[in-house]
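Number of protein chains: 2
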Amino acid sequence: MDWEERYADRMGWVRSLEIMDLIRLMSQRPLINFAAGLPDPAGFPVEALKDAADEVLTDDWRSALQYSEPEGYRPLRDWVAADLTRRGVPTSTDQVLIVSGSQQGIDLVARAFLQPGSVLLTEDPTYLSALPIFRSFGVEMSPLAMDDGGLDPDAAGAAMRQPGVKLLYTMANHHNPSGTTLSDDRRRPLLEHAAETGVPILVDEAYLDLRYEPGEPAPLAAAAPEIPILTVGTFSKTVAPAMRVAWLAGPAPVIERIGILKQLTDLHANPFTQRVVHRFLSAGHLPAQVDRLRSLYRGKRDVFLRALERNFGGRATWSRPAGGMFLMLRLPPEQSGTALLEKALEHGVAYVPGSLFYPSGDGENTMRLCFVSASAADIDEGVARLAQVVWS
Amino acid sequence: MDWEERYADRMGWVRSLEIMDLIRLMSQRPLINFAAGLPDPAGFPVEALKDAADEVLTDDWRSALQYSEPEGYRPLRDWVAADLTRRGVPTSTDQVLIVSGSQQGIDLVARAFLQPGSVLLTEDPTYLSALPIFRSFGVEMSPLAMDDGGLDPDAAGAAMRQPGVKLLYTMANHHNPSGTTLSDDRRRPLLEHAAETGVPILVDEAYLDLRYEPGEPAPLAAAAPEIPILTVGTFSKTVAPAMRVAWLAGPAPVIERIGILKQLTDLHANPFTQRVVHRFLSAGHLPAQVDRLRSLYRGKRDVFLRALERNFGGRATWSRPAGGMFLMLRLPPEQSGTALLEKALEHGVAYVPGSLFYPSGDGENTMRLCFVSASAADIDEGVARLAQVVWS
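Chains A and B, in that order, are what the protein sequence lines are.
Numbered according to the working numbering, the first sequence spans residues 1 to 392.
Numbered according to the working numbering, the second sequence spans residues 1 to 392.
Don't read these hints as lab results, they were simulated from the structure.
Think of the CB as a built atom: it goes at the ideal place given N, C-alpha and C, for glycine as much as any other residue.
Wrong hints could be hidden among the right ones.
To be verified - To give a feel for the contact side, a few chain A residues facing chain B, derived at Cβ under 10 Å:
#1 TRP3
#2 GLU4
#3 GLU5
#4 ARG10
#5 GLY37
#6 PRO39
#7 GLU47
#8 GLU69
#9 GLY88
#10 ALA155
#11 MET243
#12 PRO251
#13 GLU256
#14 ARG257
Okay, chain A solo, but in the shape it has when bound (with noise of 0.2 Å):
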C-alpha cells in the first residue's frame, strides 16, 4: 500500500529543510548553537510563571481546563487591543484573533490569500521558517531586495502592481535575519502602497520589543492607522516559546473569516496557556520582564561583536542590529556559508547557512548567527571555532 502516490498535489511543495535536520541532528551532541533562534532559559520569568499557572488553576480551573472560544480568551483579546492602541493602532477587541504562535499566524493567512499561481512578496532575505509555509501553497516568491533602512517602498509598490501578487509578508521591526529595522520615513510610502494597489500586507512583529538601542520601535501599522493592514504579534519572545501564544490583529471582517479557518484548524489557542500569559500580564510583569531581556540580550549581542571584531575584523563584514536575536556574518564572496557548515559542525559549533533566508539565492557567503542563546564564555569560544573552519 503505497501511501506516497495518495497525497494531495500540495504534498510536492511541503518540504523540509534538510540542512536543518542535518543541524538537528549533530545537536544531539553538544555543540555551540548558534543555528537555533532560542531565547535564553535564563531570561525565562519562571517563578511568575509557575505562579501564575498555579493561581488559574486555583481560581479558573474549570473553564482554563475546558473547551473555550475559538477567537481567543476575551481578556487577553482586550489586552492586546489595548496594547496596540497604546502604541498607535487604535484597535478593538473583535479586530484580535489569539493563534498558537506566530508561525500559526502566518500559515492561516497564507492559507487564506495564497494559492497556486499566487504571487508572493516578501524582503530578500526574510524569515526562515515562513518560506515553507508560503512554498507549501505553492505559490510564486518574489523576493523585494533590502538595505540598511529596510525594503524600499517604491520598489514594494511597483512589485505590488505586478500581476498575480496577492501578499506582501514584510518584518519592519529588528528584521530575522538581517537585523534591520524599517526606516520611518518609508513606513508610510509603503502602507500608502498597499492601500494603492489593494494588496493586503502581512507584517511580523515578533522581535518587535527587543531593542537594546535608544527608541522605541513602534509596530509598523501605527505609521498609516487608517490603512489596514494584518499585524502578527507573539508572547513567545517576551513570556516563552512554549505557551504558543500568539496574535493576528487586523481589520474586523478579515479577522473574523481567519478565525473561522483558525476554528477548523485546531478549534482554539490552548485555553490555560492564554490564561497563564494573561495573569501574567495583568499582574504587570511585562515592563520589568522586557527590561531584563533587553539587558540580557543587550550584552550578549555587545559579546558577540567584540568576538566578530577580534576574529573577523578587516575580513569579513557583519550587521549590528539595534534589536532581535540575530545577526549576518558576511564573508569574502568566495566562501560558501552552505560549504562551509559540515566543517563547522566538526568542530562543535552551528549556525544556519544565510542563503537558506534569500528566496532570490543570494546571500551564499552569508551566515546567520543567534547571539542570545549561548552563554558569553560559549560565544567567545564559538566565534573562535567560527574563524578557524573559515579561515583554516
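Keeping the supplied structure of chain A fixed, place chain B upon it in accordance with the hints.
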C-alpha cells in the same frame, strides 16, 4: 480596500456553522446546554494537573518553556506507542506525532490527502466539526449509511472502489453523534477493503476510553495490525480539553511527512502542556481517572435515558450509547430538529439539530444531546423542557 475579493478560492469553502453561532450567542444567557460537547468539569483531575504543572515548572522548566521537537515530546510519544502496542496495535515511537487536539490531526490528514475533486467517504452521520475541515478542501462527500453495528464494511468497500476516493474517515468506537460502536465482525473486512483498494482510513478514537458497559473496545487498527491505517486519539476527553494534546499514529513515512506539514503549520504542539500530560500519565493517574469518568458519565447517561423515557416514551426513539458523550433523539418524521431549535433556546434548553451531522442531508427529525455536561437535576429539567417544546 476590499479584501473579500482577495481571498484564495478555498475561502469560498470555509464556512462557519450558523446554527452553532446561534447556539453560542444564546448560551451567553443561562440555559441548560445539551448542545456543546463539553466534558463535565467535575471530572477534571485538577489537583493532579496542578501538581504536574508545578513539577514541570520546578525541575524541567528550561525545556518546558522553550521551543521543542516538531514531532512532539519524545517521552509522550513513547507512552502513546506503548499504549497502542498494549491495545493490540504494535507501534513504534516514530509512528506517533503529537498534535494540538484531534481537530488538528484531522485537518492535517485532510491537508495531506484531499483537494478539489477528491471524494471523501464518511459515516452518515459523522462528527460535526470534521465536516467544515473536509468542506474547506473542496471535496465531494460520499456518506455511508450506519446501523446499530456501525457502517457496513462491504458497502464501504464498494464505495472505496469509486473513482476519486482519497480517504475514509470513521469513528469506530462510541461514535459521535450516533453512539454506535463498529461490530467486531465488521472490523477486519473494513480494513481488508482498505488494503485492497489502497484508500487510507483515518479512524477517530476520541471516545475510545469512555465506555459505560462491560468490555474494553479495541482501537480499530487492532483488528488487522498488519494493515496500515491512520489513528487519531486525544487526551482531551480523559485528561482535559485545554491541554490541547492529542496524537496521530500510522505508517512511519506518512507520520514523518505529516510531521513536516505540522511543523510548518504551527512548529509543534505545546511543549509545556505535553509535559504536564506526560507527568500525569507517568504518575499512573490515568486508570483511576478513566474509572472516575466512566462512573460519572454512566450515571448521567442513565439519568438522561430515564428522563427521555418519562418525557418521550412511546412517542420518539433514541440511541442507548455504550460509550461516548452523546445520544441521538429521533422524533416522528414530521418534526424538525432545525425548526424547533429557536423555540428550545427560548425555553432555555440547547441541543444541536441532528441534520447538521448528516452529509447526506438526512436526520431532519433528530437532535443530538450531550449527556455528560449538565447536572442530574438539569438533565431532568432540560429533557422536560425539550418535551414541552416538541409536544406543545
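Tested hints:
1. Because the smallest distance between the Cβ of A:TRP3 and any Cβ of chain B comes to about 5 Å, under 10 Å, the interface hint for this residue holds.
2. About 7 Å separates the beta-carbon of A:GLU4 from the nearest beta-carbon of chain B, less than 10 Å, and the hint is met.
3. Interface hint at A:GLU5: satisfied, since its Cβ lies 8 Å from the closest Cβ of chain B, which is below the 10 Å cut-off.
4. Annotation: interface hint on A:ARG10 holds; nearest CB of chain B at approximately 7 Å, less than 10 Å.
5. For A:GLY37, the interface hint holds, since its Cβ comes within 10 Å of a Cβ in chain B; the closest pair sits about 8 Å apart.
6. Look at A:PRO39: its Cβ gets to within about 7 Å of chain B, closer than 10 Å, so that hint holds up.
7. At about 9 Å, the closest approach between the beta carbon of A:GLU47 and any beta carbon in chain B falls short of 10 Å, and the interface hint on this residue holds.
8. Hint on A:GLU69 holds. Least Cβ distance to chain B is approximately 8 Å, under the 10 Å limit.
9. For the restraint placing A:GLY88 at the interface with chain B, the shortest Cβ-Cβ distance is roughly 20 Å, beyond the 10 Å limit, so the hint is violated.
10. Among the interface hints, the one on A:ALA155 is violated; its C-beta lies about 21 Å from the nearest C-beta in chain B, farther than the 10 Å criterion.
11. Below 10 Å, beta-carbon pairs count as interface contacts, and A:MET243 has one with chain B at about 7 Å; its hint therefore holds.
12. At about 7 Å, the closest approach between the beta carbon of A:PRO251 and any beta carbon in chain B falls short of 10 Å, and the interface hint on this residue holds.
13. Annotation: A:GLU256 was flagged as interfacial toward chain B, and the flag holds, the nearest CB pair being 9 Å apart, inside 10 Å.
14. Taking 10 Å as the C-beta contact cut-off toward chain B, the hint placing A:ARG257 at the interface holds, the least distance being around 7 Å.
Hints 9, 10 from the list above are not met by this structure, while the remaining hints are.
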